[in-house]
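Go by the hints and put chain B onto chain A.
There are 2 protein chains.
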Amino acid sequence: MKVYKYGGSSVSDIEKIQNISKHLKEVSKNEKIIVVVSAMGKTTNNLIEKANMITTNPNVRELDRLMSIGEIETISLLSIALNNIGVKAISLTADQISIKTTGEHTKSRIKSIDKNILEKFLEENDVLVVAGFQGINDKNEMTTLGRGGSDTTAVALASVFSVDCHIYTDVDGIYTIDPRVYENAKKIDVISYDEMMELAYLGAGVMEARAVELGYKYLVDIYVEKSLSDVKGTLITSKEKIMEEKEITGISINNNTLMVTIDNIATYAKNLEPIFSMASSLGISIDIISHNDVVSDNGSIAFIVPRTDLNLVNTLFSNLNLKNSNVILNEKISKVSLVGIGMVNRVGIMSKIFKILADNNLSFHQISSSELSISIVVEESNAKTLSKLLAKEFNL
Amino acid sequence: MKVYKYGGSSVSDIEKIQNISKHLKEVSKNEKIIVVVSAMGKTTNNLIEKANMITTNPNVRELDRLMSIGEIETISLLSIALNNIGVKAISLTADQISIKTTGEHTKSRIKSIDKNILEKFLEENDVLVVAGFQGINDKNEMTTLGRGGSDTTAVALASVFSVDCHIYTDVDGIYTIDPRVYENAKKIDVISYDEMMELAYLGAGVMEARAVELGYKYLVDIYVEKSLSDVKGTLITSKEKIMEEKEITGISINNNTLMVTIDNIATYAKNLEPIFSMASSLGISIDIISHNDVVSDNGSIAFIVPRTDLNLVNTLFSNLNLKNSNVILNEKISKVSLVGIGMVNRVGIMSKIFKILADNNLSFHQISSSELSISIVVEESNAKTLSKLLAKEFNL
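In order, the protein sequence lines correspond to chains A and B.
Just remember that our numbering sits 408 ahead of the position in the first sequence, which is counted from 1.
Just remember that our numbering sits 408 ahead of the position in the second sequence, which is counted from 1.
Just chain A, with the same shape it has in the complex (with noise of 0.2 angstroms):
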């Protein structure tokens, strides 16, 4: 048996829906499938652009409900598509194999998924076409997964039947680094865990972080592959499986990024306090944070934020009213990191990365490191650039 997943792009029409049911037609052959597929191309989208037509605020519940629909519009479909061809399938929703949330709605976790139904309905189909993103909570209401949801369905069903999980997009693989940024970027072949969580986190696309965090939580391998591609793609799994350990293993570049700089503010502790627990208390994930040195009554303080919270800052600073301090917002920036495991322990990646900003005349806002990373904030007119250079250096 094995769980496949395809995202919007691989069924955002009905020829691919047919053909992608011929595919599973072979492959069903062999083995029972369990595939989960994402909404039609922008469905999503489009959904939540109509409740927005109404509310910019909508109420949780009920556009979680909305947003569940477009799933539920590919599974039909596909199954429609496979029992046409003869393959015997059934479309399943999250409350008909109860896979059960934490129940917060837009943004909920998956709890449990019922082995025994999934086993039931196999017995008696070939495939069954679970829709990806949702799941229902203690109250019997729809919840969705948030971004990514529908990989982190595939890996929960993966992990049910301890088998290998296949996430089918319209990219052949994870690479060192985007091939639209460096066009000799590398294709990966075996990643781990940790090294995809961190590279997912700090903004690379393909995957989301916590779709591979379930994986690693119950090893689960994960392949990404392109679809109804022979094309070898990339494995998650753990580093105990990976032989060759490499320095560096991937770029990742985030313009989703919005620097904040607060100037003429004391930076003592206890001042700067209320500006981080409102942040955190309106929602703003906030990530680096440098200030200079020196503690004092008239220092500064800067912060990384998403872009797309810009409108949370913009009422943080209006609660806050901090009188005599400067707010620069900067939305011209990104984030370069460089993800490997066991990188910080290796000398002369820093000074490296140094050089190289050196060389080139680049100036950075920040640089942070944690185990499996280091962040290079720069300006975004800058990134690729930076991005072209490191991938060149570190031969990915």
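Please note that the accuracy of each hint is not assured.
Since the list gives no way to pick one copy over another, a pair counts as held whenever it fits inside one copy or between any two copies.
[Said to hold, decoys possible] Pairs of lysine-lysine residues, derived as DSSO-like cross-links and limited to a Cα-Cα distance of at most 27 angstroms, are as follows:
id, residue 1, residue 2
1, K496, K458
2, K496, K515
3, K496, K547
4, K647, K800
5, K634, K433
6, K594, K763
7, K625, K760
8, K440, K547
9, K430, K458
10, K430, K410
11, K433, K458
12, K547, K519
13, K547, K410
14, K450, K424
15, K508, K523
16, K458, K634
Since the hints were derived computationally from the structure, they do not count as laboratory data.
Just chain B now, with coordinates in the frame of chain A:
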């Protein structure tokens, strides 16, 4: 408490949904409302079209799941609009309030609805927004209720609480005859269940016969009214409540009519039986059957079927292989029907009909009568003329 139902044309865009939400806000100040909605505009047709791009004969379980999502879209959006203007409202799908059906796909009937669950939701909310047209079967699969299914959902909900049901549509009531055919058509203030069922069965488009039948069974007063209008509509109720009885209540024109004539056929019952039993097994619903009086080896027989069953009729005759007979299909046929309680008991109506046909040189193919109606099968080109003459004669 009341039950409201808004049809597809009343919720065809976001603005209309918002207007309905404002109206519901006003009325929900005085009483609790259960509102049933259809899919937005042509949504269901568009979904069926997608399925038909795959096959004209889709798996009915999957087709039902597909067709059900239009209503889920509407309930979510209407609930978002209601909550946005401060109304305590909640969207509910068939599984959430246990609308159980008989189970056949695409044409289920409602078996039961869980009153306790509804009461619980009514305690916590002022408006319940229920998806029409859908129910779940014993296997927890989505099933749909066939044409006019949302009306049936509304009447069933009204019957659970023994309250009135208001069907809001784009016309302001039931007319004695389609106003597009006869501009002096009169609106009917009150009509009995029997007459309305007969009118609906004979093709008057506003209400489906099954919803009226359910109202009849549980004595639900059904008001057919125009959305967001103060104009008084039509009340459908039991005949005991109707004081003044009219000779003729209304006229319907049904163009979904195909006349099949078989010439040169043995018209003994044993020869005809295979035709009608095979038609029945193909699901062709046969209306008025007529044959010339003398049963003979080379007689002739004619009957009426829905024009939409043309493909099935062709299948019927290719299966039957009536080698010596001529089969003539006439698609340019209409059935004009007069409806009224106890009509057949009053003398003179049939003779008036014949006088009109004769005076105006209108030929007819068949005439049939039942307790509640007289139907005249004529050329489609004559249907409107005949209807107008009848409307004038019977002061409709």
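Query - Unmet hints by their number, sorted upward, for this structure - result: 7
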